[in-house]
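Taking the hints into account, I'd like the entire structure generated from these sequences.
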Amino acid sequence: MGGLRDELLIQDILRLKRDKSVYIIAHYYQREEIQALADFVGDSYAMAIAAKNSPHDIILVAGVDFMAETAAVLCPDKIVLTPEPEATCPMASNISVNDVLCYKKKYPESIVVCYVNTPAEVKAVSDICCTSSNAAKILQKLPDNAKVFFIPDQYLGSYLAGKLGRHIDVFSASCPTHASISEEHLLQLKEQFPDAKVLVHPECYPEIVALADYVGSTKGILDYATQSESKIFIIGTECGILYSLGNNNPDKTFILASEELICPNMKSITLDKVFYSLQYLQTRVVVPEEIRAKAAIALERMIEYAS
15 MGGLRDELLI
25 QDILRLKRDK
35 SVYIIAHYYQ
45 REEIQALADF
55 VGDSYAMAIA
65 AKNSPHDIIL
75 VAGVDFMAET
85 AAVLCPDKIV
95 LTPEPEATCP
105 MASNISVNDV
115 LCYKKKYPES
125 IVVCYVNTPA
135 EVKAVSDICC
145 TSSNAAKILQ
155 KLPDNAKVFF
165 IPDQYLGSYL
175 AGKLGRHIDV
185 FSASCPTHAS
195 ISEEHLLQLK
205 EQFPDAKVLV
215 HPECYPEIVA
225 LADYVGSTKG
235 ILDYATQSES
245 KIFIIGTECG
255 ILYSLGNNNP
265 DKTFILASEE
275 LICPNMKSIT
285 LDKVFYSLQY
295 LQTRVVVPEE
305 IRAKAAIALE
315 RMIEYAS
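Read left to right, the sequence shown gives residues 15 to 321 (the working numbering).
You may find that some hints are simply not true.
Stated by the list, open to error - Subject to a maximum C-alpha distance of 27 Å in a straight line, what follows is the list of computed BS3-like cross-link-like pairs (lysine-lysine):
id, residue 1, residue 2
1, 233, 155
2, 120, 155
3, 266, 92
4, 119, 161
5, 155, 119
6, 155, 177
7, 245, 211
8, 161, 118
9, 204, 245
10, 155, 211
11, 120, 66
12, 287, 31
13, 308, 92
14, 177, 204
15, 287, 66
16, 155, 66
17, 66, 151
18, 66, 119
19, 31, 177
20, 308, 118
21, 245, 266
22, 308, 161
23, 233, 66
24, 118, 92
25, 233, 177
26, 66, 92
27, 204, 233
28, 266, 211
29, 211, 151
30, 119, 308
31, 161, 151
32, 120, 308
Quick caveat, the hints were computed from the structure, so don't treat them as lab data.
Keep in mind the model is a prediction, meaning the values are calculated, not measured.
Now the structure itself:
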């Protein structure tokens, strides 16, 4: 019965999407059924570009709050909807405007590199944004002698510092989902599947990253698996990526590095909530103009540096 109900609900969603000319953007970590009906599925950076380039006047963002905020910042003339305004990012919630201002007061010549996983008001007091897919490229374009404060993910920041061989001050916050992978369990999986390539996100613990064959963003992981001649992979990022991995590589096997690689905030967006959002054009994401304009500078600078 639930299956039939979902099928009918999907048809209603597709009808509303068409009738109201709504462009649906979803993250790789969304439920399979949400990804399946989206017009665009991608990582944080690709979602931002898709929103910015969309010809539609209404955009529904199936992702956590900062993703919808980013779309609203980049598209001030569009209506941006979130089907679940309470879908927050625990890591993003750990950093505040005051944290950034205190650092800048102490080091006024510093450059604040702000991971996109942050509230708009934090982006507004930062110098440039980045995502896991473009952070290395952006950091490489900064002056070698620049004092850099990377916020808020300490593991991504530390990984980049080691990879690029430069000192980076990092804020102390992390993603609880990526922190669910244990070194012991990953070693067991590697022993059980000796031919498997280990692909992990840089938000993972350093000891997990050290065991990986490839470290990269969700899009990077997807591309690596698709281009690789290997047939079996251990995946160290949120389970939603398995949908795209499987679709793109039906002849390959993907094993999660942890059964706990589930982001409850991402999964809080359901078909019912998407239907309600389309039916009533709720909930609209509005960023105050004084914050939006400043946050847009950091985001547009990211796009410029990453291109």
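Against the structure, the hints come out as follows:
{"no.": "1", "hint": "233 / 155", "in the structure": "holds (22 Å)"}
{"no.": "2", "hint": "120 / 155", "in the structure": "holds (24 Å)"}
{"no.": "3", "hint": "266 / 92", "in the structure": "violated (40 Å)"}
{"no.": "4", "hint": "119 / 161", "in the structure": "holds (13 Å)"}
{"no.": "5", "hint": "155 / 119", "in the structure": "holds (24 Å)"}
{"no.": "6", "hint": "155 / 177", "in the structure": "holds (14 Å)"}
{"no.": "7", "hint": "245 / 211", "in the structure": "holds (9 Å)"}
{"no.": "8", "hint": "161 / 118", "in the structure": "holds (11 Å)"}
{"no.": "9", "hint": "204 / 245", "in the structure": "holds (14 Å)"}
{"no.": "10", "hint": "155 / 211", "in the structure": "violated (31 Å)"}
{"no.": "11", "hint": "120 / 66", "in the structure": "violated (35 Å)"}
{"no.": "12", "hint": "287 / 31", "in the structure": "holds (14 Å)"}
{"no.": "13", "hint": "308 / 92", "in the structure": "holds (18 Å)"}
{"no.": "14", "hint": "177 / 204", "in the structure": "holds (24 Å)"}
{"no.": "15", "hint": "287 / 66", "in the structure": "holds (24 Å)"}
{"no.": "16", "hint": "155 / 66", "in the structure": "holds (23 Å)"}
{"no.": "17", "hint": "66 / 151", "in the structure": "holds (21 Å)"}
{"no.": "18", "hint": "66 / 119", "in the structure": "violated (33 Å)"}
{"no.": "19", "hint": "31 / 177", "in the structure": "violated (43 Å)"}
{"no.": "20", "hint": "308 / 118", "in the structure": "holds (16 Å)"}
{"no.": "21", "hint": "245 / 266", "in the structure": "holds (5 Å)"}
{"no.": "22", "hint": "308 / 161", "in the structure": "holds (21 Å)"}
{"no.": "23", "hint": "233 / 66", "in the structure": "holds (19 Å)"}
{"no.": "24", "hint": "118 / 92", "in the structure": "violated (33 Å)"}
{"no.": "25", "hint": "233 / 177", "in the structure": "holds (19 Å)"}
{"no.": "26", "hint": "66 / 92", "in the structure": "holds (10 Å)"}
{"no.": "27", "hint": "204 / 233", "in the structure": "holds (23 Å)"}
{"no.": "28", "hint": "266 / 211", "in the structure": "holds (12 Å)"}
{"no.": "29", "hint": "211 / 151", "in the structure": "holds (25 Å)"}
{"no.": "30", "hint": "119 / 308", "in the structure": "holds (18 Å)"}
{"no.": "31", "hint": "161 / 151", "in the structure": "holds (17 Å)"}
{"no.": "32", "hint": "120 / 308", "in the structure": "holds (21 Å)"}
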